[in-house]
Amino acid sequence: MIAQPIPPVVIPEVEARIEVDGSSRPVIVLYWGTSLIWLTIASIAGLISSIKLHSPEFLGGMEWLTFGRIRAVHWDTAIYGFGGLAASGTLLWLQARLCQVRLPYRNLLLVGGVVFNIGLVLGTAGVLMGQSTGVETLEFPLWAMPLLVVPYVFIVIANFTMYFKKVTKHTYVSQWYLMAVTVWFPILVLSAEACTNLGAVDGVAQAIANWWYGHNVVGLFATPTGIAAAYYLIPKVIGKPIHSYHLSLLGFWSNAIFYNWAGTHHLTGGPLPAWTITLGVVGSLMMFIPVITIGINHHMTMLGSFHLLKTSPTLRFAVMGSMIYTLSSFQGSLEALRSHQEVTHFTHYTIGHVHFGMYGFFAPLMFAMMYYGMPRLMDQEWSSARLIRIHFWCTVVGMLIYVTAMCYAGIRQGLMMNDPSIPFLNIVRFTIPYLALRTLGGLILLTGTIAFLINFVRIITPHKYTWKTPTMLDTERDWKKLVELEKQSENGGTK
Amino acid sequence: MSRTFILAFGIFLTIASSITGLVIIPNWQFQALKPVVKLDGTRYPEVYFGDQARGREIYIDQGCIYCHTQQVRMKGYGADIRRGWGTRRSVPRDYLMDRPHQLGTQRMGPDLASIGARQPSVDWHAIHLYNPQLTSPGSIMPRFEYFFREVRSGEAAPADAIKVPQQSNGVTHIVPTDRGRALIAYLKRLNQSFPLPEANQ
Ligand code: HEM
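Just so you know, the protein sequences line up as chains A and B, in that order.
The working numbering puts the first residue of the first sequence at 1, with every later residue one more than the last.
The working numbering puts the first residue of the second sequence at 1, with every later residue one more than the last.
Derived by calculation from the structure, the hints in this document are not laboratory data.
A portion of the hints provided could be inaccurate.
Just so you have them, the derived chain B footprint on chain A, three or more residues with Cβ under 8 Å [stated by the list, open to error]:
id, region
1, 55-68
2, 201-208
3, 301-310
Bear in mind the structure is a predicted one, so any value in this text is a computation, not a measurement.
Every residue, glycine too, gets a C-beta built ideally from N, C-alpha and C.
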């Protein structure tokens with residue numbers, strides 16, 4: 001055998017990583033930081049919507065805060081604000097690290113991040129003022145969309161540039177997913193806008209385009225980014241390679257092929273040709289293949305390393321995310337069955353499922369990325385282990401309360417709706433306690449988010465005292481201790 | 001390098017095939033659909049004009065879609081027809097004029113595909129929108145009082161004023177504003193009772 005030519009090693013790996021992180025700091029911190037602000041805004045909008053459903057007089061009388069508007073704002077800020085920015089930051093940073101190149105076009109990406117945020121503010125204001133397009137999931141007025149699309153084009157360009165300049169020879173699984181996101185997302189947004197708001201297709205074909213998009217923005221944007229993060233973080237933190245390369249390959253392509261077709265399950269029973277729905281149901285059921293393969297790959301890698309969950313914040317969120325990826329995907333595939341949809345289609349069950357996926361799988365993986373990435377980007381540790389613990393437990397408990405309440409209420413609501421002898425208002429009254437329980441779940445989730453935000457603000461501001469080792473979950477590090485140590489160092493104590 | 005192109009191209013193919021299969025082909029299938037001409041010479045479905053068109057925009061900007069669907073499922077699948085939400089299932093032709101569509105996916109409130117047939121009374125709609133508790137105690141539908149001018153006891157009620165069943169804060173009558181009138185005109189127009197032949201297949 002002839003020896004393979006060794007590629008020129010530009011910089012040794014660790015130094016390269018430091019250089020990569022240094023180059024990407026301002027961009028990633030901007031994307032992640034603003035994503036958390038949008039998460040807070042989205043949670044508040046979600047809470048207002050939630051309260052209005054059990055106490056309709058809450059903040060009543062103000063047209064701009066009517067349920068139909070604040071609820072649209074909730075989705076748009078959660079998906080584009082939190083999801084879009086958190087995922088883009090993750091995408092850029094992971095790609096830079098995996099390619100071992102400096103982040104290119106940093107100024108362009110910074111400007112892009114600012115423009116994207118302006119677009120979100122204007123789009124939100126437009127919806128609150130009654131300029132929603134009326135297409136669920138694409139409510140932002142058309143004039144705000146270029147402000148969201150153009151910055152994304154910068155991200156796509158940066159991503160491809162890094163990929164083609166990459167120093168590493170092989171391509172890691174996460175990179176397939178990141179590559180896929182950058183190809184899919186712009187096509188997705190542009191064709192969906194063309195088909196709905198720009199009127200390229202008519203009547204109910206619009207509805208299909210609408211839900212092809214609505215489903216795919218979760219399946220082809222949030223999900224692949226989440227999976228890429230899990231593929232990166234789990235082996236990294238526990239220091240073991242991923243279980244099986246071949247399974248990764250199967251998981252990736254089956255996911256890419258089947259998820260695309262699943263969207264029409266949102267229209268089951270609707271006025272569409274039966275075959276379009278059938279395709280959606282088949283696509284949804286075939287999703288068992290990628291979900292099981294990806295699941296085996298993540299969980300088998302974890303096998304034997306569960307004790308690390310006690311200490312590592314990153315791993316805890318990442319494993320929570322990857323486990324709920326498996327569970328919520330099983331739930332979703334079963335939910336797509338026609339007999340299931342007959343009961344749950346128009347009910348709160350769907351909302352329960354959405355938040356199981358978004359707050360149980362996607363959000364925790366984005367949090368895990370930030371817990372892992374921020375100390376490396378800022379060269380500073382997380383201030384308080386207690387705040388991380390609060391964040392974690394609030395996320396778990398709040399999410400479980402929310403999801404259980406909505407799924408249970410949804411099934412009962414659906415069964416009652418299918419029994420015409422039960423008056424509609426009785427069903428409405430039945431759901432109210434569960435809607436109130438959701439508000440409780442939402443408050444707990446918001447508490448967790450605020451805990452995270454405090455830690456985040458602290459890590460991006462320079463301060464006098466910083467921990468010298470990574471902050472682990474089982475340490476006693478909290479705010480009081482930090483202030484004490486800070487005072488000591490001010491009085492000329494240890495630094 | 002060539003592997004990268006295979007990857008990117010494969011990724012592109014997955015999405016291109018799904019939009020072709022799910023959106024472009026059905027849309028092409030729907031191109032053949034035309035409104036039917038009824039015996040009296042009018043068409044079904046008719047375009048939205050005047051108040052109906054404005055009312056539709058208000059329905060959209062208030063986000064009624066997040067609580068109401070406009071689609072009746074077929075007999076034997078759910079209880080839509082038995083609940084009286086329609087006389088037949090909805091079909092693609094019912095939506096020829098709908099842009100953007102307002103099918104909806106959530107039924108916190110009843111389906112509205114045929115609300116115009118089920119509830120033709122302007123007064124009922126006005127009072128319900130003004131304060132849902134007056135017609136439907138325990139409802140969680142928001143109040144849309146900003147579509148109405150309130151007339152208090154002691155003030156002279158104009159001819160088109162609608163009497164409120166229970167007085168509160170001294171309000172005896174309400175008068176729909178232009179927007180209120182438009183929204184009600186739109187609700188009254190929502191009616192899928194015309195028996196399209198394909199709905200029976
Ligand atoms: C404090 C936390 C949250 C609360 C209280 C909350 C509450 C709500 C409420 C009340 C709705 C409307 C439900 C309905 O119309 O029946 C909703 C919908 C939705 N939420 Fe949240 N939410 C929260 C967090 C999130 C997060 C973090 C995400 C995404 C990352 C998210 C994604 C969504 C989506 C996608 C929908 C629309 C579902 C659909 O139309 O099928 N939510 N949420």
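Legend entry - Numbers of unmet hints, in rising order: Violated hint: only 3; rest satisfied.
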